[in-house]
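Chains as they are written, first to last, in my numbering: chain A, 1 to 148; chain B, 1001 to 1073.
There's no promise every hint is true.
With a straight-line cut-off of 35 Å between C-alpha atoms, the simulated DSBU-like cross-links for lysine-lysine are [said to hold, decoys possible]:
#1 B/LYS1059 / A/LYS113
#2 A/LYS97 / A/LYS113
#3 B/LYS1059 / A/LYS124
#4 B/LYS1063 / B/LYS1027
#5 A/LYS97 / A/LYS65
#6 A/LYS24 / A/LYS65
#7 B/LYS1030 / A/LYS64
#8 A/LYS124 / B/LYS1063
#9 B/LYS1027 / A/LYS113
#10 B/LYS1063 / A/LYS113
#11 B/LYS1030 / A/LYS124
#12 B/LYS1012 / A/LYS113
#13 B/LYS1012 / A/LYS124
#14 A/LYS113 / A/LYS24
#15 A/LYS124 / A/LYS64
#16 A/LYS65 / B/LYS1063
#17 A/LYS65 / B/LYS1059
#18 A/LYS97 / B/LYS1059
#19 A/LYS113 / A/LYS69
Residues from chain B that face chain A, not an exhaustive set, calculated with beta carbons under 8 Å [stated by the list, open to error]:
#20 GLY1008
#21 MET1050
#22 LEU1054
#23 PRO1057
#24 LEU1067
Across the chosen pairs, the derived CB separations fall in these ranges [to be verified]:
#25 B/SER1060 / A/ASN26: 46 to 56 Å
#26 A/TYR19 / B/ASN1055: 41 to 51 Å
#27 A/ALA68 / B/GLN1023: 30 to 40 Å
#28 A/ALA29 / B/GLU1016: 46 to 56 Å
#29 A/GLU103 / B/GLN1023: 32 to 42 Å
#30 B/ASP1053 / A/GLY28: 38 to 48 Å
#31 A/LYS24 / B/SER1060: 44 to 54 Å
#32 B/ASP1053 / A/SER57: 15 to 25 Å
#33 B/ALA1036 / A/GLN20: 48 to 58 Å
The hints are simulated quantities; they were obtained by calculation from the structure and are not laboratory data.
The C-beta atom is built at its ideal place from N, Cα and C for all residues, glycine as well.
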Amino acid sequence: MVELYDGGLDIPEITARWYQEEAKSNYGAYIPFIGTIREEDGISGLSFDIYEPILNSWFEAWVKKAEAKGAVVKMAHSRGDVFLHESSYVAAIFSRKRRVALEMIDEFVEDFKASAPIWKYDLKEGQRLYAADRSTAINGAGILGDKK
Amino acid sequence: MVRVEFLGPIQKEALEIEASSLQDVAKALKSDAEVADWLDSCAVAVNDTMVADLNTPLKSGDKVSLLPPVCGG
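So that you can see chain B by itself, here it is in the shape it has in the complex (with noise of 0.2 Å):
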C-alpha cells in the first residue's frame, strides 16, 4: 500500500492505495471529487523528493504527497 497525503488547503484525509507508479495513483485521484479540480494546479513529492515523471515507480510504504499552489511570506 501507497500512502497519499494531502498537503495545504486540500481539505483531506490520507489515503491508503495499492499503486505500482504514479499512474496508478493519478487514475485513482482523477475518480476522486474531492481531490480531481486540485490535480492540474498539484505538484507531486515521493518520499519528501519532489518528482517530475508520471512513469515514477511505487513501492509498499512509499508515501506520495500532494503540494497545491503555494505563496509564502
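With the rest of the complex left out, here is chain A (with noise of 0.2 Å):
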C-alpha cells in the first residue's frame, strides 16, 4: 500500500524507517527519491487530490514488477497542501545491487508522474488553481471524445 498522509510529509521518519525494515533484508542498494516543493511563480505551496484505489492498484502492479528483479519499491505522498519547502513524495526502491536500484527508480519516478492518479493544484493569492499546464493525460485517455 501507498502511505498517505495530509499534509507534508515527515521525510526523516520515513526514510529511516524504511531503511530499519529492510536493514536485514540484505540488500546492498537503497535509492530514495524524495519531491521538495519550489519557490516559483509566486505560489506559497502546492495542494493534491488523490484517487486512492486505483493508486494502490497500479502501486501493486509496480511492487510485482519489483519483485521479478529481486527489488523492493515503497512509496509515500501527501494529500491536500503542502507549502514551500516540505515534501510532497517519497519513493525508493531496494536491490541486491544497485544498477537495478537506479534504473528501477527512474522508470517507476517516470511512470508515477504520468499515471498515478493524483492532481495537482497550485496555491496562489488565496486560491486553488488545478495545474493544467503541467499535468499529463493518462495513456489511453480520449476515448469518450471526439478525437478517438
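Dock the two chains into a complex; use the hints.
Dropping the structure here:
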C-alpha cells in the first residue's frame, strides 16, 4: 500500500523507518527520490487530490514488477496542502545490486508522473488552481471524446 | 443505472445514467456542457480498472470514473 499523509511528509521519519524495515534484508542498495515544493511563480505551496483505489492498484503492479527483479518499492505521498520547502513525495527502491535500483527508480518516478491518479493544484493568492499545463493525460485517455 | 464519477479538478457531482456500454456514457456526456471539454483528455475506469475500449459493456451498478490529466509528486 502507498503511504498517504495529510500535509507535508516527515521525510526523516519515513526514510529512516524504511531503512530499518529492510536493514536485514540483504539489499546492497537503497535509492530514495524525494520531491520538495520549490518557490516558483509566487505560489505559497501545492495541493493534491488522490484517487486511492486506482493509485493502490497501480502501485501493487509495481510491487510485483519490482519483486520479479528481486527489488522492493516503497512510496509515500501527501494529500491536501503542502507548503514551500516541504516534501510531498518520496519513493524508494531497494535491490541487491545498485544497477537495478538506479534504473527502476527512474522508470518508477516517470511512470508515477504519467499514470498515478493524483491531481496537483497551485496555492496562489488564496486560490487553489489546477496545474493543467504541467499535467499529463493518462495513456489511453480520450476514448469518450471526439479525437478517438 | 450506472454511476459516473468525475475525479480531481472536474467540479461536478456524480451522475446516475442508463448505459449499456461506454458508448452510451460518451453520448450522454458530450451533451453535458460542464464536462464535454474534458472528454478528450480524460482516461476512463470501470469499477476502478482502467479501460481503453469504448465498447466496454456496462451493467446496472457499475461505476465509471473519469480521470483528467495527472501530476503527482
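Here is how each hint holds up against the structure:
no. : hint                             : result
1   : B/LYS1059 / A/LYS113             : holds, 32 Å
2   : A/LYS97 / A/LYS113               : holds, 25 Å
3   : B/LYS1059 / A/LYS124             : violated, 43 Å
4   : B/LYS1063 / B/LYS1027            : holds, 17 Å
5   : A/LYS97 / A/LYS65                : holds, 16 Å
6   : A/LYS24 / A/LYS65                : holds, 22 Å
7   : B/LYS1030 / A/LYS64              : violated, 38 Å
8   : A/LYS124 / B/LYS1063             : holds, 34 Å
9   : B/LYS1027 / A/LYS113             : holds, 30 Å
10  : B/LYS1063 / A/LYS113             : holds, 25 Å
11  : B/LYS1030 / A/LYS124             : holds, 32 Å
12  : B/LYS1012 / A/LYS113             : holds, 24 Å
13  : B/LYS1012 / A/LYS124             : holds, 23 Å
14  : A/LYS113 / A/LYS24               : holds, 31 Å
15  : A/LYS124 / A/LYS64               : violated, 39 Å
16  : A/LYS65 / B/LYS1063              : holds, 28 Å
17  : A/LYS65 / B/LYS1059              : holds, 32 Å
18  : A/LYS97 / B/LYS1059              : violated, 48 Å
19  : A/LYS113 / A/LYS69               : holds, 22 Å
20  : GLY1008                          : holds, 3 Å
21  : MET1050                          : holds, 7 Å
22  : LEU1054                          : holds, 5 Å
23  : PRO1057                          : violated, 14 Å
24  : LEU1067                          : holds, 5 Å
25  : B/SER1060 / A/ASN26: 46 to 56 Å  : holds, 51 Å
26  : A/TYR19 / B/ASN1055: 41 to 51 Å  : holds, 48 Å
27  : A/ALA68 / B/GLN1023: 30 to 40 Å  : holds, 37 Å
28  : A/ALA29 / B/GLU1016: 46 to 56 Å  : holds, 50 Å
29  : A/GLU103 / B/GLN1023: 32 to 42 Å : holds, 41 Å
30  : B/ASP1053 / A/GLY28: 38 to 48 Å  : holds, 43 Å
31  : A/LYS24 / B/SER1060: 44 to 54 Å  : holds, 51 Å
32  : B/ASP1053 / A/SER57: 15 to 25 Å  : holds, 18 Å
33  : B/ALA1036 / A/GLN20: 48 to 58 Å  : holds, 51 Å
Hint compliance for this structure: hints 3, 7, 15, 18 and 23 are broken, all remaining hints hold.
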